[in-house]
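Chemist: Below, each chain spelled out in residue letters.
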Amino acid sequence: MFNEFALEHAWLIPLLPAISFVIIGMVTRSYGKLSAAIAVSMSTISFLLAVGVTLAVVAGNITVDAPFVQKLSWFHIGSVNISMGVLIDPLTAMMLMVVTTVSMLVQIYSCGYMEGDPGYGRFFAFLSLFAGSMLGLVLAVNFLQMYFFWELVGLCSYLLIGFYYYKISAREAAKKAFMTTRVGDFGLLLGILLLQLTFGTLDFMELQQLVPIYVMHGGAGFLTIIALLLFVGPIGKSGQFPLHVWLPDAMEGPTPVSALIHAATMVVAGVYLVGRAFFLFSQLPAVMTVIAWLGGFTAIFAASIAITQRPIKRILAYSTISQLGYMMLALGVGSLTSSFFHLMTHAFFKAMLFLSAGAVMHAMAEEADIFKMGGLRKKMPVTFAAMTIGVLAISGIPPFAGFFSKDEILAAAAQVSPALYILATITAFMTAFYMARLLFVAFMGQPANQEAYDHAHEVGWFMRVPLIVLSVLSVVSGIWAHMAGFDDWVRFGVPAHEGMNLMIAGTSTLLAVIALALAWKVYVAKSWNADALAEKWGVLYQLSFHKFYIDEIYAALIKFFVDGIAKVLYWIDVHIVDGIVNALGGLVRAVSEMLSPAENGQVQSYAGVYLFGVIVLLAYGVYYASKLMAMLGGAF
Amino acid sequence: MSIGLTHYLLLAAMLFAIGMFGVLSKRNIIAVLMGIELMLNAVNINLVAFNRFMPVHDLTGQLMALFAIVVGVAEVAIGIALAFRIYRDRNTINVDELNRMKG
Chain A
1 MFNEFALEHA
11 WLIPLLPAIS
21 FVIIGMVTRS
31 YGKLSAAIAV
41 SMSTISFLLA
51 VGVTLAVVAG
61 NITVDAPFVQ
71 KLSWFHIGSV
81 NISMGVLIDP
91 LTAMMLMVVT
101 TVSMLVQIYS
111 CGYMEGDPGY
121 GRFFAFLSLF
131 AGSMLGLVLA
141 VNFLQMYFFW
151 ELVGLCSYLL
161 IGFYYYKISA
171 REAAKKAFMT
181 TRVGDFGLLL
191 GILLLQLTFG
201 TLDFMELQQL
211 VPIYVMHGGA
221 GFLTIIALLL
231 FVGPIGKSGQ
241 FPLHVWLPDA
251 MEGPTPVSAL
261 IHAATMVVAG
271 VYLVGRAFFL
281 FSQLPAVMTV
291 IAWLGGFTAI
301 FAASIAITQR
311 PIKRILAYST
321 ISQLGYMMLA
331 LGVGSLTSSF
341 FHLMTHAFFK
351 AMLFLSAGAV
361 MHAMAEEADI
371 FKMGGLRKKM
381 PVTFAAMTIG
391 VLAISGIPPF
401 AGFFSKDEIL
411 AAAAQVSPAL
421 YILATITAFM
431 TAFYMARLLF
441 VAFMGQPANQ
451 EAYDHAHEVG
461 WFMRVPLIVL
471 SVLSVVSGIW
481 AHMAGFDDWV
491 RFGVPAHEGM
501 NLMIAGTSTL
511 LAVIALALAW
521 KVYVAKSWNA
531 DALAEKWGVL
541 YQLSFHKFYI
551 DEIYAALIKF
561 FVDGIAKVLY
571 WIDVHIVDGI
581 VNALGGLVRA
591 VSEMLSPAEN
601 GQVQSYAGVY
611 LFGVIVLLAY
621 GVYYASKLMA
631 MLGGAF
Chain B
1 MSIGLTHYLL
11 LAAMLFAIGM
21 FGVLSKRNII
31 AVLMGIELML
41 NAVNINLVAF
51 NRFMPVHDLT
61 GQLMALFAIV
71 VGVAEVAIGI
81 ALAFRIYRDR
91 NTINVDELNR
101 MKG
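In order, the protein sequences belong to chains A and B. By the numbering used here, the letter at position 215 of the first sequence is numbered 215, and the numbering carries on one by one without gaps. By the numbering used here, the letter at position 3 of the second sequence is numbered 3, and the numbering carries on one by one without gaps.
Note that these hints are calculated values from the structure, not bench results. Do not take every clue at face value.
Stated by the list, open to error - Ranges between beta-carbon positions, derived for each pair: (1) HIS57(B) <-> LEU632(A): 18 to 28 Å; (2) GLY579(A) <-> MET14(B): 55 to 65 Å; (3) LEU595(A) <-> LEU5(B): 22 to 32 Å; (4) ILE615(A) <-> VAL73(B): 21 to 31 Å; (5) ALA68(B) <-> GLY608(A): 22 to 32 Å; (6) ILE615(A) <-> ALA81(B): 47 to 57 Å; (7) ILE615(A) <-> VAL71(B): 18 to 28 Å; (8) PHE67(B) <-> ILE615(A): 41 to 51 Å; (9) VAL71(B) <-> VAL577(A): 50 to 60 Å; (10) LEU584(A) <-> PHE67(B): 45 to 55 Å; (11) LEU5(B) <-> LEU584(A): 56 to 66 Å; (12) ASP89(B) <-> GLY608(A): 56 to 66 Å; (13) VAL73(B) <-> LEU584(A): 24 to 34 Å; (14) LEU595(A) <-> ALA83(B): 26 to 36 Å.
Unchecked claim - Some chain A residues well away from chain B (every beta-carbon gap over 10 Å; in silico): (15) ASP65; (16) VAL69; (17) MET179; (18) GLU206; (19) GLU458; (20) GLY601; (21) VAL603; (22) LEU611; (23) TYR620.
Even glycine gets a Cβ: it sits at the ideal position worked out from N, Cα and C.
Construct the complete structure from the given sequences, taking the supplied hints into account.
Modeler: Here it is as structure tokens:
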């Protein structure tokens with residue numbers, strides 16, 4: 001009963017947080033607690049509706065092949081009809097669950113985390129809008145609706161990353177995020193326009209019918225360009241190389257925002273877009289290869305940076321980039337199922353890792369460097385437990401969630417390309433190592449800073465409950481989904497029944513354990529000196545520590561191009577544009593100066609000129625008098 | 001030789017030219033006003049002469065001349081009053097020095 005209601009009213013899911021944004025923004029903003037209550041209750045209702053939708057999808061006959069669609073006409077331009085609506089299939093249902101769960105928990109967490117912040121109400125308004133935009137994106141029925149919410153998500157990320165707008169670094173990070181993703185959005189918009197031109201529709205269901213026919217008749221040629229342009233959007237939004245640079249800086253926002261961005265509402269939008277348009281991408285082997293290799297490269301590239309970073313959130317940010325690379329890799333090798341499986345488990349454990357990091361920083365008076373923490377496990381047992389579960393989950397240790405999803409990706413990669421499989425396995429090894437490093441350095445050993453350590457304390461219940469819930473999800477979501485037949489449910493084409501490849505699972509688990517042991521040896525037992533290792537690997541360490549100098553390269557390129565173009569344009573502006581205007585002004589001035597002596601204030605000279613004029617006119621009249629007479633026909 | 005229309009017109013033209021010369025060349029504002037008066041009267045002579053020699057049955061031209069004389073009187077009254085004010089204000093009636101409207 002409720003399920004049917006939820007399915008019919010799925011449009012309420014994004015609308016409720018949006019309403020909460022409006023109410024908080026316009027009315028209750030200055031009442032922090034009330035705003036928080038509104039935001040949390042709205043997102044809880046959204047969550048319940050999402051549960052209802054999911055149950056209805058499971059119970060009903062809604063599958064990937066036969067989705068539930070509701071739509072209304074949005075606007076017409078000429079003969080183009082664009083509608084807005086709700087498209088629900090298992091993919092959507094899963095995303096709805098992930099987004100509403102994480103955003104609800106993050107909002108509850110924020111009640112504690114943002115305590116005492118002057119922007120308390122504003123923060124909840126933005127969080128609500130963020131969740132609403134992402135939910136609207138997930139439910140989109142066509143590319144334009146998706147693009148609309150895609151941009152809203154970008155706007156919200158800008159507002160939230162720059163939440164502490166009085167900090168210069170936050171402002172800069174917000175601008176960087178907005179502009180970097182904008183580069184990607186430009187490609188996406190071009191792709192969407194080309195799709196409209198090619199097919200005359202942007203509707204997912206219609207395109208799903210049209211694309212295979214087009215490919216069958218006309219080949220893939222032009223469609224490859226469209227798909228590549230479309231994929232530029234996800235590159236920007238999902239932090240793939242080379243547009244990943246905004247994501248590590250996005251931690252300038254409050255930590256709950258980082259959790260939201262990294263887990264549920266921002267970066268997975270790119271993965272979701274590729275998944276939603278998989279009927280298009282899967283037809284184009286060339287594009288799939290690009291996606292797979294770009295994903296694989298991003299995964300190992302970001303992992304190699306994460307190994308040497310020191311701020312806790314920066315390590316997590318690079319691990320997100322790396323895991324997103326994993327998801328893209330999975331999509332590229334054609335396994336939608338494993339990609340979205342990983343998206344789900346990653347959302348849970350990454351949200352939890354960020355929230356734990358937030359708890360740690362909250363307790364340590366905003367200290368971010370893990371090497372200045374140390375020994376926190378005694379002071380913060382709940383956070384320590386949550387962090388440990390998160391680390392085990394992301395490292396792929398059974399039976400935690402990450403093991404199952406990562407294993408499916410590895411298996412899918414191994415079927416397509418051994419090279420990609422090896423790349424992904426090495427990445428998994430590195431992931432386990434740097435996550436263990438984070439955990440061991442921050443929580444084990446002796447306190448590095450006694451004063452901060454004494455100040456540290458376990459967090460309050462508002463922050464503890466989401467951690468516990470997410471811990472449970474991080475443990476069970478993998479095995480539960482695996483048992484419940486996730487691959488039957490979220491899939492593209494025929495479901496892949498493979499079961500577990502023991503060889504691959506065993507290898508990856510073994511490597512993860514070795515990585516954990518290695519990290520233990522270096523950072524807890526200190527059998528090897530970390531600094532000496534860094535010294536030994538000199539160049540590589542420097543490259544990794546400085547993030548391969550990507551930011552510096554971009555800065556130099558931008559300086560060169562932008563400043564160069566600016567110089568040329570400045571010259572044109574000063575000498576040509578201004579020159580024309582000044583020349584006109586000068587002309588007017590010169591003519592006036594020539595004429596102004598005539599106006600000398602002497603009435604007599606005016607009268608003289610007048611007389612002269614009369615004489616000229618008279619002369620003219622006399623000269624032409626004969627003609628005039630002739631014309632009048634001799635009347636006089 | 002009888003006196004015809006041409007003679008009157010010539011007289012009026014000469015009078016007009018003399019008045020015009022006075023208006024354009026005199027520096028004394030009173031003299032300028034007198035020149036204007038001459039020009040007006042030249043026109044009056046024209047009106048009366050046309051009325052006499054052209055086939056006009058009523059006294060249109062003479063009425064016009066009378067009207068112009070009245071206007072001329074008013075003009076002189078205002079003109080001299082203005083000249084008087086200007087003299088009080090600037091202490092001069094030399095039109096060369098009255099060039100405040102210069103651009």
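Chemist: Now, for every hint given, state plainly whether the structure supports it.
Modeler: Going through the hints against the structure:
Under the hint 18 to 28 Å, the C-beta atoms of HIS57(B) and LEU632(A), about 26 Å apart, fit the expected range. Roughly 60 Å separates the CB atoms of GLY579(A) and MET14(B), a value that falls within the hinted 55 to 65 Å. Against the hinted window of 22 to 32 Å, the Cβ-Cβ separation of LEU595(A) and LEU5(B) comes to about 44 Å, which falls outside the hint. ILE615(A) and VAL73(B) have their C-beta atoms about 30 Å apart, which keeps the hinted 21 to 31 Å range intact.
The hinted window of 22 to 32 Å between ALA68(B) and GLY608(A) holds, with their beta carbons roughly 24 Å apart. At about 32 Å, the CB distance of ILE615(A) to ALA81(B) disagrees with the hint of 47 to 57 Å. Taken as a hint, the range 18 to 28 Å holds for the pair ILE615(A) and VAL71(B), whose Cβ atoms sit roughly 25 Å apart. Between PHE67(B) and ILE615(A) the beta carbons are some 28 Å apart, a value that contradicts the proposed interval 41 to 51 Å.
At about 59 Å, the beta-carbon gap between VAL71(B) and VAL577(A) stays in the expected band of 50 to 60 Å. Distance hint check for LEU584(A) and PHE67(B): the Cβ-Cβ separation is about 52 Å, which falls inside the suggested range of 45 to 55 Å. Checking the proposed 56 to 66 Å range against LEU5(B) and LEU584(A) shows it holds: the Cβ atoms sit about 58 Å from each other. The hint said 56 to 66 Å for the Cβ distance between ASP89(B) and GLY608(A), and at roughly 25 Å that hint is violated.
Distance hint for VAL73(B) and LEU584(A): a CB-CB separation of about 53 Å, inconsistent with the stated range 24 to 34 Å. Evaluation of the 26 to 36 Å hint for LEU595(A) and ALA83(B) yields a pass: the beta carbon distance comes to about 31 Å. Distance to chain B confirms ASP65(A) as a non-interface residue, since its nearest Cβ pair spans about 86 Å, more than 10 Å. Non-interface status of VAL69(A) relative to chain B is upheld: no Cβ of that chain comes within 10 Å, the nearest being about 77 Å off.
Non-interface status of MET179(A) relative to chain B is upheld: no Cβ of that chain comes within 10 Å, the nearest being about 55 Å off. At roughly 73 Å, the least C-beta separation between GLU206(A) and chain B is larger than 10 Å, which holds for a residue marked as non-interface. Every C-beta of chain B lies more than 10 Å from that of GLU458(A), the closest at about 86 Å, which supports listing it as non-interface. Under the 10 Å C-beta cut-off, the non-interface status given to GLY601(A) relative to chain B is violated; the minimum distance is some 3 Å.
Under the 10 Å C-beta cut-off, the non-interface status given to VAL603(A) relative to chain B is violated; the minimum distance is some 7 Å. With 10 Å as the threshold on Cβ separation, the claim that LEU611(A) sits away from chain B is violated: the shortest Cβ distance comes to roughly 7 Å. The Cβ of TYR620(A) sits about 20 Å from the closest Cβ of chain B, beyond the 10 Å cut-off, so the non-interface label holds.
Of the numbered hints given earlier, the model fails hints 3, 6, 8, 12, 13, 20, 21 and 22; all others are met.
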